[in-house]
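Got chain A; can you put chain B with the ligand on it based on the hints?
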Amino acid sequence: MPERTPGQTVGPFFHYALPYDGDRELMPVGTGIRLHGIVYDGAGEPVPDALLEIRQADAAGVVPQVPGSLLRNGVFTGWGRSSTDLAGEYWFSTVEPGSVDGGAPFFAVTVFARGLLDRLFTRIYLPNPPADRLLASLDHEDQARMIATREKDGSLRFDLHLQGDNQSIFLTYPGHQ
Amino acid sequence: MNETAAPLPTQAQISAEIAAAPSGRSEPALGFAPYRSSLLRFPTKDLRQADPEGAELLAPVFGQHDVDPLEADLTIQAGGEPLGERILLTGRVLDGDGRPVRHQLVEIWQANASGRYIHQRDQHPAPIDPNFTGVGRCLTDADGNYSFTTIKPGPYPWQNHRNAWRPAHVHFSLFGTDFTQRLVTQMYFPGDQLFALDPIYQSITDPAARERLVATYEHDLSQHEWLLGYRWDIVLTGSHATPLEGEDHA
Ligand SMILES: [Fe+3]
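Taken in sequence, the protein lines are chains A and B.
17 is the number of the first residue of the first sequence in our numbering; add one for each residue after it.
-3 is the number of the first residue of the second sequence in our numbering; add one for each residue after it.
Chain A extracted, bound-state conformation (with noise of 0.2 Å):
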């Protein structure tokens, strides 16, 4: 087996490589639901130049496999990217993914950010889920640090916190240490 590439941190010097024009619109702005929230640090304070990816599954729980993410003409390819703002807020214009397989649904999504040495991985469960075997192995609170919040204007709020006592769950899979 060849032996992999460790990680290094995105720095804080990707804003004129990583963002373009489109990236966080998997839907054009308007026509879809907008999911949003702000990244914080252990302090408690925003992280102005972190990075978030989804993935996802389309209304019907179909996972696109279909290209045009970069050119975004009108083809809803599942994936999207947000870097935050100066208030440490992403954004993401898309629609709420279906069931896959019959499991709850969820936005598959990486965190990166200057200071963050590897990328992090998350779920994001639309409010009120199904049985889900993740859920079911957390406790209440943590449950709760897993599941976007329906805001007023029907939008989907979804913060993060990179550490502390409320630091979110990340996640890590077979074949990651």
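Keep in mind that the hints were calculated from the coordinates and are not lab data.
All figures in this text were calculated on a predicted structure; none of them were measured in a lab.
In this text, a Cβ means the ideal position worked out from N, Cα and C, and glycines have one as well.
You may find that some hints are simply not true.
[Claimed, not checked] From the derived model, a few chain B residues whose C-beta atoms are all more than 12 Å from chain A:
no., residue
1, D42
2, Q45
3, N127
4, A192
[To be verified] Looking from chain B toward chain A, a few residues come up when the C-beta cut is under 8 Å (computed):
no., residue
5, V57
6, T212
7, T233
8, A237
Quick look at chain B with the ligand alone, frame taken from chain A:
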């Protein structure tokens, strides 16, 4: 801004902290004190083991309409030739089982030959090169090969400690076939005298693992009177999706 806070640690202090770190980590420690920015930004609670499902099993797909082949040449993006040593950076992207990652997106970004990024927050008083943006993209080919023409970036100072300098590096962003294989990392150049001093490189405390971030100079890749060639292969984690019989996305 933190400029008025405590005086910056010295390189000797940082080097002592690096020397004292537990050895043998083949991935970066998420929290690594010599890299000061990590202290408030790493999870202190254990990561949760999850079985990948649904969208986690499928990486995004990028196609020829997404990426212009010219984006792989960072020396032709502006009006003229950038300053610096012209180089070829090439290699293969493999998954943890040694299979090539085909037709997948590779993104890079880097400082110019003087060690300066085109970024508002880069205040290093080194010259900006009007002919160099330092950004590239390409898709791997059917064997997982990527290739960029660029210039060799310079080392640059940063605020981690007094007289802190990053070894010359190119930032790489990679996808596999499976969302859980996502990787962002940095490629370094062989023989850099700054390796021992750099807390980001040294956050991988297994020497063999961090050397996997260093490209190899390969003379057969160099081109007569044109450029110098470097090879760097990248290995992602294993994929979780069960490959279908005879599956081929080529
Ligand atoms: Fe850099």
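- Which of the numbered hints are not met once you compare them with the structure shown? 1, 2, 6 and 8
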